[in-house]
Amino acid sequence: MSTADSLGARIGNLFSLEDKGIYSLHRLAVYVVVGLGLAFFGFPIYWMVISSLKPRELITAYPPELIPSTVTFANYEQLFFETAYITWLTNSLIVTGGVIVLSVGLSTLAGYALTRYRIPYKKWFAAVFILAYMFPPITLGVPYFIIFLRLGLINKLPAVMLGTTAFTLPFCTWLMWQFFQTVPLSLEEAAWASGASRLRGIFEVAIPSAAPGIVAVTIYSFALGWNNFLFAFIFLQTPEQQVLTTGINSFMQGSQVLWSNLMAGAAVLSLPPIILVLVLNRYIMAGFAVQAN
Amino acid sequence: MSTQNDITNWIRTRTDRLDSRFGEYDLAGMGMLAPVVAFFVVVSVVPILYGIWLSFQTGTGAVDLSYTGVANYVEVLQDPMFWSSAWRGVIFAVYSVVLQLGIGVAIALALNQRIKFANITRAIIFLPYMIPTIAVAAMFKWILQNRVGVLNYILIELGLIAQRMTFFTEALAMHTVVWASTWKWTVFVILLVLARLQSIDPTLYEAARTNGASMFRQFMDVTLPQIKSILLLIVLLRTIWQFSKFEMIFLLTQGGPFDATTTLVIYAYDYAFGDLSFGLASATTTLLFILLIGFAVVYFGVFSPEEEVEVTDG
Numbered sequence: 001m002s003t004a005d006s007l008g009a010r011i012g013n014l015f016s017l018e019d020k021g022i023y024s025l026h027r028l029a030v031y032v033v034v035g036l037g038l039a040f041f042g043f044p045i046y047w048m049v050i051s052s053l054k055p056r057e058l059i060t061a062y063p064p065e066l067i068p069s070t071v072t073f074a075n076y077e078q079l080f081f082e083t084a085y086i087t088w089l090t091n092s093l094i095v096t097g098g099v100i101v102l103s104v105g106l107s108t109l110a111g112y113a114l115t116r117y118r119i120p121y122k123k124w125f126a127a128v129f130i131l132a133y134m135f136p137p138i139t140l141g142v143p144y145f146i147i148f149l150r151l152g153l154i155n156k157l158p159a160v161m162l163g164t165t166a167f168t169l170p171f172c173t174w175l176m177w178q179f180f181q182t183v184p185l186s187l188e189e190a191a192w193a194s195g196a197s198r199l200r201g202i203f204e205v206a207i208p209s210a211a212p213g214i215v216a217v218t219i220y221s222f223a224l225g226w227n228n229f230l231f232a233f234i235f236l237q238t239p240e241q242q243v244l245t246t247g248i249n250s251f252m253q254g255s256q257v258l259w260s261n262l263m264a265g266a267a268v269l270s271l272p273p274i275i276l277v278l279v280l281n282r283y284i285m286a287g288f289a290v291q292a293n
Numbered sequence: 294m295s296t297q298n299d300i301t302n303w304i305r306t307r308t309d310r311l312d313s314r315f316g317e318y319d320l321a322g323m324g325m326l327a328p329v330v331a332f333f334v335v336v337s338v339v340p341i342l343y344g345i346w347l348s349f350q351t352g353t354g355a356v357d358l359s360y361t362g363v364a365n366y367v368e369v370l371q372d373p374m375f376w377s378s379a380w381r382g383v384i385f386a387v388y389s390v391v392l393q394l395g396i397g398v399a400i401a402l403a404l405n406q407r408i409k410f411a412n413i414t415r416a417i418i419f420l421p422y423m424i425p426t427i428a429v430a431a432m433f434k435w436i437l438q439n440r441v442g443v444l445n446y447i448l449i450e451l452g453l454i455a456q457r458m459t460f461f462t463e464a465l466a467m468h469t470v471v472w473a474s475t476w477k478w479t480v481f482v483i484l485l486v487l488a489r490l491q492s493i494d495p496t497l498y499e500a501a502r503t504n505g506a507s508m509f510r511q512f513m514d515v516t517l518p519q520i521k522s523i524l525l526l527i528v529l530l531r532t533i534w535q536f537s538k539f540e541m542i543f544l545l546t547q548g549g550p551f552d553a554t555t556t557l558v559i560y561a562y563d564y565a566f567g568d569l570s571f572g573l574a575s576a577t578t579t580l581l582f583i584l585l586i587g588f589a590v591v592y593f594g595v596f597s598p599e600e601e602v603e604v605t606d607g
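Those protein sequences? They're chains L and D, same order as listed.
Sequential numbering of the first sequence, starting at 1, is according to this note's numbering.
Sequential numbering of the second sequence, starting at 294, is according to this note's numbering.
No wet-lab data here; the hints were simulated from the structure.
These numbers come from a predicted model, not from an experiment.
All C-beta atoms, glycine included, are put in the ideal place defined by N, C-alpha and C.
It is possible that part of the hints are untrue.
Covered by chain L, per the in silico footprint, the following chain D stretches (three or more residues, Cβ under 8 Å) [said to hold, decoys possible]:
1. 428-435
2. 439-453
3. 555-564
Derived lysine to aspartate or glutamate pairs resembling DMTMM-like cross-links, with alpha carbons at most 20 Å apart [what the hints assert, rightly or not]:
4. D:K521 to D:D494
5. L:K123 to D:D319
6. L:K156 to L:E240
7. L:K122 to D:D319
Chain D is nowhere near these chain L residues, computed Cβ spacing over 12 Å in every case [claimed, not checked]:
8. P55
9. F81
10. I86
11. T90
12. L93
13. L157
14. A191
15. I214
Here chain L stands alone, though its shape is the one from the complex (with noise of 0.2 Å):
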């Protein structure tokens, strides 16, 4: 009897000993998957920050520093000073905004109303905003190129404002819409009870109820301003006139790369969305979570 115990214990024992070994075969792998993939996507962040940090005479030595020995603000004060990077960012701040504004407003005002109000071919809605977001931008940039020709709107900035807004309207507006599914028209109802009007209701219950809609929309309009490069490319044709992208996009041109410029220049460019992203963490989730619920 008692080795027959000692025995299932044992086995016991082995069986628990033979999970512990799984579940730490298993924990091994987790750690070299997260360990590979920190690797391949911080590596090359890492590398921009560092080579835009290393004084000019240093960043294209070879064997390269892989933790540099003299760090130097230099290549940002010239990035600041010497080139037109001041005036492609005043450009870039006004295509943005104009993005984020447009998309912001329209798609709440659309979103709530697709929400709470009965609109004849609602379902239609919802399969050409699909649709609009897999459209490729190069399919509109033809037509859009001449249509602003004849418009005399080349080489203005609002050209680039609209035809990116295009691209952002139809996925914030059905994610507004998934956002106001979610606030409880009870909320509203209350509201109205106690005496506030339709329009009341809205801008006091529903909209800031439907705040990390609206956020989650603002960093897309924003991902989306701040990073085209196609529509600048094409309508913004004088020095004067680039945004951020297409001016970092002159530092790699020529046959003398100026890696200092074209590093800092990325990393001042990356600097911004990388702040949402740390400071808006959970409203991203929020807004991934609602897309994929």
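Please build the complex by placing chain D on the supplied structure of chain L, with the hints as guidance.
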């Protein structure tokens, strides 16, 4: 008296109805939706129709356009370069979607576990999606630089290669643009799959474990069925988007060397802004769009990923 009352009531009900209803629909709601519809018509529908009209015109530049029937389509479809570009577009799309899906699902599964430093790890892995394409292209041009690039240095130090490589040759350029795209867009897969993984009921795994299911069987029997529909939707969206990608390829290689990375989108761009042949370019983009719609329709027919869309459509 009573007649007047009746009339007032009648007017009141009529205006009430007009105020809040248009037939069985709400007028106020349609008013709020109108700006989006108007904007959408002006900046999307009209240009698309104009683009289709352009594809039947000929002439250099934007002036002196004249009707030419289907000549543009005939010319484009008879150009061997159109077909080879379409094929390169398919290779670029399929190759990068497979990579993004493989890496994305593996990382999503790992991030779904309890790990140390989870927050900072997530933040770093999610960063590439927010970095503008031009910065990604600049980064990779620099890292892959053939004389002083750091990747050559690392590969030589690790003993993986003996001599410095050039990553932008005819043979390697396609791999380079695919991996750079994968670096930026895999996060899309990670985010969607991770969101779905976190919504899986943990009791399903407990039940599987009590029945003695191995890690592999748990993945096959519990995880995979739960993420299958989102994976199908991701494959559809990412394939279409990768096939339409312009900036990453244009900025890294301009479609070269020797057209090794000229996809259909680059081919259309070259017609429009290289040759100023807007008619031929429009014919190409119209064909591109028909191709994408065709792919989406067939895909919907075979896999029905709209089940996923309908869930979110609530």
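Chain D versus P55 (chain L) - minimum CB to CB distance exceeding 12 Å, so not interface: Its Cβ never comes within 12 Å of chain D, the nearest being 15 Å, so this holds.
20 Å Cα cutoff - pair K122 (chain L), D319 (chain D): 12 Å, holds
Coverage claim, chain L over the region 555-564 of chain D, checked by counting residues with Cβ within 8 Å (three needed): holds (count 3)
Reported absence of L93 (chain L) from the contact zone with chain D (all CB gaps over 12 Å): Since the minimum Cβ distance to chain D is about 14 Å, L93 (chain L) lies beyond 12 Å and the statement holds.
Interface-negative label, I86 (chain L) against chain D, beta-carbon threshold 12 Å: 18 Å, holds
Distance rule for T90 (chain L), whose beta carbon must clear each one in chain D by more than 12 Å: Label holds. Min Cβ-Cβ 17 Å, cutoff 12 Å.
Annotated coverage of the region 439-453 of chain D by chain L, confirmed only when three residues or more have a Cβ within 8 Å: Since 4 is at least three, the answer is holds.
Within 8 Å of chain L's CB atoms, at least three CB atoms from the region 428-435 of chain D: coverage verdict: holds (count 8)
Whether A191 (chain L) stays farther than 12 Å from all C-beta atoms of chain D, as the label says: 16 Å, holds
Status of the stated non-contact between L157 (chain L) and chain D (beta carbon gap over 12 Å): 15 Å, holds
Cβ separation check - F81 (chain L) to all of chain D, threshold 12 Å: 21 Å, holds
Distance restraint between K521 (chain D) and D494 (chain D), which requires alpha-carbon spacing of 20 Å or less: 15 Å, holds
Checked against the numbered hints above, the structure violates none of them.
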